[in-house]
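With chain Y fixed as given, assemble chain X onto it according to the hints.
Here's the letter readout for the chains.
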Amino acid sequence: MAGREHTDREYEQELRQLREQLLVMGSHVESIIGDSIRSLLERDVKLAERTIQADKTVNRMEVELDGLCLQILARRQPVASDLRFITLVLKVVTDLERIADLGVNICERVLELDAEPQLKPYVDIPHMGQEVQSMLREVLDAFVAKDANRARKIIERDEVVDALYAQVFRELLTFMMESGHNVYRATRLQSIAKYLERMADHTTNLAEMVIFMVDGEDVRHLTSRAETDELIRRDHN
Amino acid sequence: MTQTALAASESPTGNLAVSELFVYYGPKRALGPVTMLIPGKQVTALVGPSGCGKSTFLRSLNRMNEMIPGCHVKGEVNLDDEPIYGPGVDAVAVRRRIGMVFQKSNPFPKSIYDNVAYGLRIGGLTDRSELGGKVEHALKQSALWDEVKDRLHESALGLSGGQQQRLCIARALAVEPDVLLMDEPASALDPIATAHIEELIHELAHNYTVVIVTHNMQQAARVSHHTAFFYMGDLVEFDKTETIFTKPKQSRTEDYITGRFG
Numbered sequence: 001m002a003g004r005e006h007t008d009r010e011y012e013q014e015l016r017q018l019r020e021q022l023l024v025m026g027s028h029v030e031s032i033i034g035d036s037i038r039s040l041l042e043r044d045v046k047l048a049e050r051t052i053q054a055d056k057t058v059n060r061m062e063v064e065l066d067g068l069c070l071q072i073l074a075r076r077q078p079v080a081s082d083l084r085f086i087t088l089v090l091k092v093v094t095d096l097e098r099i100a101d102l103g104v105n106i107c108e109r110v111l112e113l114d115a116e117p118q119l120k121p122y123v124d125i126p127h128m129g130q131e132v133q134s135m136l137r138e139v140l141d142a143f144v145a146k147d148a149n150r151a152r153k154i155i156e157r158d159e160v161v162d163a164l165y166a167q168v169f170r171e172l173l174t175f176m177m178e179s180g181h182n183v184y185r186a187t188r189l190q191s192i193a194k195y196l197e198r199m200a201d202h203t204t205n206l207a208e209m210v211i212f213m214v215d216g217e218d219v220r221h222l223t224s225r226a227e228t229d230e231l232i233r234r235d236h237n
Numbered sequence: 001m002t003q004t005a006l007a008a009s010e011s012p013t014g015n016l017a018v019s020e021l022f023v024y025y026g027p028k029r030a031l032g033p034v035t036m037l038i039p040g041k042q043v044t045a046l047v048g049p050s051g052c053g054k055s056t057f058l059r060s061l062n063r064m065n066e067m068i069p070g071c072h073v074k075g076e077v078n079l080d081d082e083p084i085y086g087p088g089v090d091a092v093a094v095r096r097r098i099g100m101v102f103q104k105s106n107p108f109p110k111s112i113y114d115n116v117a118y119g120l121r122i123g124g125l126t127d128r129s130e131l132g133g134k135v136e137h138a139l140k141q142s143a144l145w146d147e148v149k150d151r152l153h154e155s156a157l158g159l160s161g162g163q164q165q166r167l168c169i170a171r172a173l174a175v176e177p178d179v180l181l182m183d184e185p186a187s188a189l190d191p192i193a194t195a196h197i198e199e200l201i202h203e204l205a206h207n208y209t210v211v212i213v214t215h216n217m218q219q220a221a222r223v224s225h226h227t228a229f230f231y232m233g234d235l236v237e238f239d240k241t242e243t244i245f246t247k248p249k250q251s252r253t254e255d256y257i258t259g260r261f262g
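First to last, the protein sequences are chains Y and X.
Per the working numbering, residue 1 is the first one in the first sequence, and the count goes up by one each step.
Per the working numbering, residue 1 is the first one in the second sequence, and the count goes up by one each step.
Hints were generated in silico from the structure; no laboratory data involved.
Treat the numbers as computed from the prediction; the structure is a model and nothing was measured.
There's no promise every hint is true.
Stretch-level coverage of chain Y by chain X, calculated; a stretch enters the list once three of its residues show a Cβ under 8 Å from a Cβ in chain X [to be verified]:
id, segment
1, 6–13
2, 77–87
Below, in silico cross-link-like pairs of lysine to aspartate or glutamate (DMTMM-like), each with a Cα-Cα straight-line distance of 20 Å or less [stated by the list, open to error]:
id, chain 1, residue 1, chain 2, residue 2
3, X, Lys240, Y, Asp218
4, X, Lys247, Y, Asp114
5, X, Lys249, Y, Glu5
Here a beta-carbon is modelled for each residue, glycine too, at the ideal position from N, C-alpha and C.
Just chain Y, same shape as in the assembly (with noise of 0.2 Å):
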């Protein structure tokens, strides 16, 4: 988005709406995750069985900013920065959406392990979560303040996040090899791991989106992308 306004107001309202709707989906996403692991920590059926209920807002919320966004495109054939805007809503609500869909995953199984005792004191899950949700809400921030730079360290934080995941992994595992009265636990809370480690992914691909809104820059699989240049300039020799 440019600095200045748009001439027609009406424009200027609807892409101003888009952006308050995705910072309320945004900030819905964010409650999510922070539920669910509490609702882990503190072994809260109802707080679990809410946060599924919760998603529903944030589905629905991805339905309407689609068409906002197809309205727009078709009615306002944007261009630059606002084509580049519409085009991060589009990809980011999905994303977004998925998130969401991570946290009632985390919640389903808090809803499994209720009927066992706890396996173990949970200290990397936690962590993982907060980064996590601390990682969302770094990103939203980046994209209100168009701050390509504060979306680039984001995904520096992916690492983060994915050390924790092998730590995690590698923990659970002792246990599993301990005792098999432990597995069905365990896996419970490797999945739930798993599913962090994917939401701080999906977050990277939100942060990789500012970047491309604010500088035009593609960052999106660099090396993979480097790779496969250089494998196609080795066939053409």
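Leaving out everything else, chain X in the frame of chain Y:
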């Protein structure tokens, strides 16, 4: 230099090199300095708000500005390395190689055939079969032939607006120019006639350099390979069309094409 100074080169590329071009109306600078290379056999769109100098620039590419009293041009325009403002270069010869189509179609009150043959006859061509061949070729190039081949000797004024505009394009093409300048060629046409013209512009770019002034941003995005944005007599940005419409470098370009102007 005489007219021969601008006779077609052996393998014309149709490149137009503009260097330090200024246009003045009386003492007032209307345009410049503009330096740009308009690539041959491609479509270049000129966009910008009214009064930005884009039409002035277009007209300076084939010396049409000379017909405006008080207008004065400084700088160079070279077509395939031949200076069109060179000493002794005949403006009429320039316009034969760099044709023009205007916003409002302006067929002569003559037959379809005579409209297209007009420039050729002025150029001294009298051989009937050669004339007929060239008229047919030009009408085919402007995608009008199938619609008018059975009524070539009827008045051009009986054609629809879109057909009249394509007739004017045929008239410009008949004298076999290298470059075709178009000043809002579709602004007075309905969407279907506009689509015909745009499709035609695509086709013409295989053989001609096309420079088009348009107020329709989507049209510029659809038809052109390169886009130049003018503002208050300055060339603000000139780049590949896809770059201009996805990530322009100048904020003034961004503001204009997204509709955040003034």
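Do the hints match the structure? See the list:
| no. | hint | verdict |
| --- | --- | --- |
| 1 | 6–13 | holds (count 4) |
| 2 | 77–87 | holds (count 8) |
| 3 | X:Lys240 to Y:Asp218 | holds (18 Å) |
| 4 | X:Lys247 to Y:Asp114 | violated (52 Å) |
| 5 | X:Lys249 to Y:Glu5 | holds (18 Å) |
Taken one by one, the earlier hints fail for this structure only at number 4.
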